[in-house]
Each structure stands twice: as C-alpha cells, then as structure tokens.
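Chemist: Use the sequences and the hints to build the structure in full.
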Amino acid sequence: MTNSSKVTAYTQVKEWIKESILSGEIPAGSRITIAEIVQKYGVSQMPVREAFQILQGEGFIELLPHKGARVLSLTPQYVANIYEIRGVVEGLLARQSMPNLTLSGLNRLKELNRQMKSMIGEGVLPEELVKLDRQFHLEIYENSNNPEGMQIYEKYVGLIGSLRKKHGYGSERLADMISQHGQMIDAMQNQDAEALVQVVHAHSEGAKMDLLNAMER
1 MTNSSKVTAY
11 TQVKEWIKES
21 ILSGEIPAGS
31 RITIAEIVQK
41 YGVSQMPVRE
51 AFQILQGEGF
61 IELLPHKGAR
71 VLSLTPQYVA
81 NIYEIRGVVE
91 GLLARQSMPN
101 LTLSGLNRLK
111 ELNRQMKSMI
121 GEGVLPEELV
131 KLDRQFHLEI
141 YENSNNPEGM
151 QIYEKYVGLI
161 GSLRKKHGYG
171 SERLADMISQ
181 HGQMIDAMQN
191 QDAEALVQVV
201 HAHSEGAKMD
211 LLNAMER
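The sequence shown begins at 1 in UniProt numbering and counts up by one.
Hints are computed from structural coordinates only; laboratory data are not their basis.
Given the structure is predicted, the values throughout are model-derived calculations rather than measurements.
Treat the hints with caution; some may be incorrect.
Restricting the straight-line Cα-Cα distance to at most 30 Å, the calculated cross-link-like pairs of lysine-lysine (BS3-like) are [to be verified]: (1) K40 <-> K208; (2) K165 <-> K155; (3) K166 <-> K40; (4) K208 <-> K166; (5) K40 <-> K67; (6) K155 <-> K110; (7) K208 <-> K155; (8) K67 <-> K155; (9) K165 <-> K131; (10) K18 <-> K155.
Modeler: What follows is the structure, given as structure tokens:
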C-alpha cells in the first residue's frame, strides 16, 4: 500500500466512524472494537488503529487498553467545556499573534471575511463556512509562535467542525460572526491588544451559545 492510499484509507475510516457517532448509529457510551470496524467496512486493521488514535485526539472516543474504544457523550456540557477552554487559549494566541501580523496578512483576513459575508443568504452549506471560519482564525493564530497553545486550540477543531456541519449556524450568529471578525481586524490594525482579546472572547462565547441552542433544537 502506498503512503497516499494509506492516508486515504485511515481518513475514510475516521469519517465513517465520525458520521456514525454524530448520527447516533453508534450511541454514546458504547464500545467499538477494531475487529468490528474491520468487518463492517472491509478494511485492514492498520487504518482503523490510526483512525481510532485521531478520533481520540479530537475528543470523539476514549481508547481502552485491549478493549477497543468507548464513544464519548457529546453532551451540551461537554461542548460548553470545550468552548470555555478554547476561548481562553484563543485570547492568548490572538494577543501573541498581533505584533507579528503583516499588512498582507491583514488584507488576507479582510478577504476571507468578505467571502464569508458574501455567502450569507445564498444557501451555502455549513461545511463551507466552517472551512473559511477556521482558515480565518488560523491565519491569525499561526503568528503566535506558540505551538503548545496551537496544539490545545486544534485539539477539538474536528469535533466542533463536525457538530457545526450537522447543526449549522443560526441566522443571527452568521451576522455576528462577520461583525466580530471585522472588529478583530480593526483591533489588530490599531494594535489594541485588550480590544482584540475582548472581541475574541465574545466571539467564542457567541459561537458556544449558538451551537448549544442548535443542539437542543
């Protein structure tokens, strides 16, 4: 098996398992084994093992020694806790990134925000907005020179992104998101770290409440 086909295999297996968890086909709290996944999808053990490792890192499952894995419960409290942690880390990363952002970097952020704004009301799939929103934040935080902070931030990117694709965004959230992105850009242009951190925290809190409301519908 080539490296590219190996990567494709475990990525596909990961997505299959993730979709089954989000749809409820694999219920929270249930145990899944490598043998079960191998039999169900007709793949070898290696991509399943790698998929399990990634899904544990993203917060979907917990690996159990010699027993496969247990599916974690994606409760509102679990999601809220993730957002609380990420909000603090994002504020730190934004503060550390601001002095390193270039004019071309700021212009790139403006363009990404313009693209998101143009999508509102056009029936765009949530996954397209999730992709652009993630790119917007990464364009900022990658300037932080803080790999440990980035590791914490990115830990649950897959989980939150998957929940967003499933539940979407509220109409008011999209408008707020675009506005807050603009406020972040303004704060960075003005080199106002306190204003930047404040809007980043508000942005994270708004995202949390919107997703929790969507999960309860």
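Chemist: So, for every hint listed, does it hold in this structure?
Modeler: Checked hints:
1. K40 <-> K208: 35 Å, violated
2. K165 <-> K155: 17 Å, holds
3. K166 <-> K40: 23 Å, holds
4. K208 <-> K166: Given that 30 Å is the threshold and the Cα spacing comes to 15 Å, the pair holds.
5. K40 <-> K67: 17 Å, holds
6. K155 <-> K110: 26 Å, holds
7. K208 <-> K155: The hint holds at about 16 Å.
8. K67 <-> K155: 24 Å, holds
9. K165 <-> K131: Holds, at about 10 Å.
10. K18 <-> K155: Status holds; Cα separation ~15 Å.
Hint 1 from the list above is the single one not met by this structure.
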